[in-house]
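Engineer: So you can see what is in the structure, the chains are spelled out below.
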Amino acid sequence: MKFKDRFREKHLVVKCGADMFLPFGLILGFYIIAFGTISPGGGFQGGVLVASTVLLLYLAYGFKVMAEAVKPEGLRKGEALGAIIYVLLGLMGIFAGANFCVNVIFDNGQVGDMISAGNITFMSYAVGFKVLTGIGFLLVLMLSLLAALDSERSGGDEKEVVENAGNDAAVSDASGEVAK
Amino acid sequence: MNKRLLAYIALAVILVCGIYAVSRHHNEGSLTHDGSYSNLKDLYEDPGNMDLSQVNGVADVIVQENLSKTMAANNVAAVVYDFRGFDTLGESFILLTAIAGSFIVLKSVAVGEKGSEKKEDA
Chain A
1 MKFKDRFREK HLVVKCGADM FLPFGLILGF YIIAFGTISP GGGFQGGVLV ASTVLLLYLA
61 YGFKVMAEAV KPEGLRKGEA LGAIIYVLLG LMGIFAGANF CVNVIFDNGQ VGDMISAGNI
121 TFMSYAVGFK VLTGIGFLLV LMLSLLAALD SERSGGDEKE VVENAGNDAA VSDASGEVAK
Chain B
181 MNKRLLAYIA LAVILVCGIY AVSRHHNEGS LTHDGSYSNL KDLYEDPGNM DLSQVNGVAD
241 VIVQENLSKT MAANNVAAVV YDFRGFDTLG ESFILLTAIA GSFIVLKSVA VGEKGSEKKE
301 DA
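Residue numbers (our numbering), protein chains in the order written: chain A, 1 to 180; chain B, 181 to 302.
Hints are supplied without guarantee of correctness; some may be wrong.
Unchecked claim - The calculated lysine-lysine pairs, modelled on DSS-like cross-linking and capped at a C-alpha distance of 30 Å, are: (1) A/64 / B/287; (2) A/71 / A/10; (3) A/10 / A/64; (4) A/15 / A/71; (5) A/64 / A/77; (6) A/15 / A/64; (7) B/287 / A/10; (8) B/287 / A/71; (9) A/77 / B/249.
Unchecked claim - The calculated label-pair distances, taken between Cβ atoms and stated as ranges, are: (10) B/274 / A/100: 25 to 35 Å; (11) B/229 / A/11: 54 to 64 Å; (12) A/96 / B/270: 15 to 25 Å; (13) B/194 / A/23: 46 to 56 Å; (14) A/27 / B/197: 20 to 30 Å; (15) A/96 / B/201: 29 to 39 Å.
For the record, the hints were derived by calculation from the structure and aren't laboratory data.
This structure is a prediction, so every number in the text was calculated from the model and none was measured.
The beta-carbon is built from N, C-alpha and C at its ideal position, and this holds for glycine as well.
In isolation and in its complexed conformation, chain A is listed as follows (with noise of 0.2 Å):
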């Protein structure tokens, strides 16, 4: 029984409390992620606050919605894809030939401007784009173990349910048939 409580439907409170801060969480994240070269922020912690709003849905809706909603697959191929810009933003200075992220492409703009800083901006982005995707999977593996143990403890009834959740997280050939 005591296992059981948490597949509980979750309070209505709990629920209206999530959907209200969540669109502010992801403003914050990708505002900060989006400004960070002019303004305090960057792409490392942009990243963690936009990956902290599969927590709050996890926390409001529970396994089943999260990893429908979240699609843990495109979150990890996110994350190969932004390690490859970085490293290619980081060649354009070996192929304009000067070191390994020399900033080539700096001078547009006024000291001020989105774009002014050139390379840097674009680098940001890269690692927030990462960030955001990594820690979101990083984030969806932990909560597939819980449910896991959660559904091998309690038995029974919510076994199809966490059956699902593991293929999708784990194995994830079937999360596209699931998000369908």
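For chain A, the structure is supplied; the task is to place chain B on it using the hints.
Structural biologist: Same frame as chain A, but now just chain B:
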């Protein structure tokens, strides 16, 4: 026994190299900014009008030539993504490695539990 002897020899070599590096650094002085020319009392009392003409080293480059070198209004972002871009690459690959490792471990645990469950059912 041979492996343990080899480990002791390696540790001794590392220790000797470290002592040599520290003594040499102590004798020849630091190559970067050591804070000898910056007056911290003035900086604390009046940060806007601090005399920056005699500051030397990397701090000098970052404080005085940041705008002409990077055009970024945020000094910290300029340091993280431009002056130390290679360091940021390593940091982000630490995250990639950690997530790959936890993916492998947690996936194997979940699959093993499911397999044992099916065996128990059968």
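Engineer: Going through the numbered hints above, which ones does this structure break? Give me the numbers in ascending order.
Structural biologist: 9, 10 and 14
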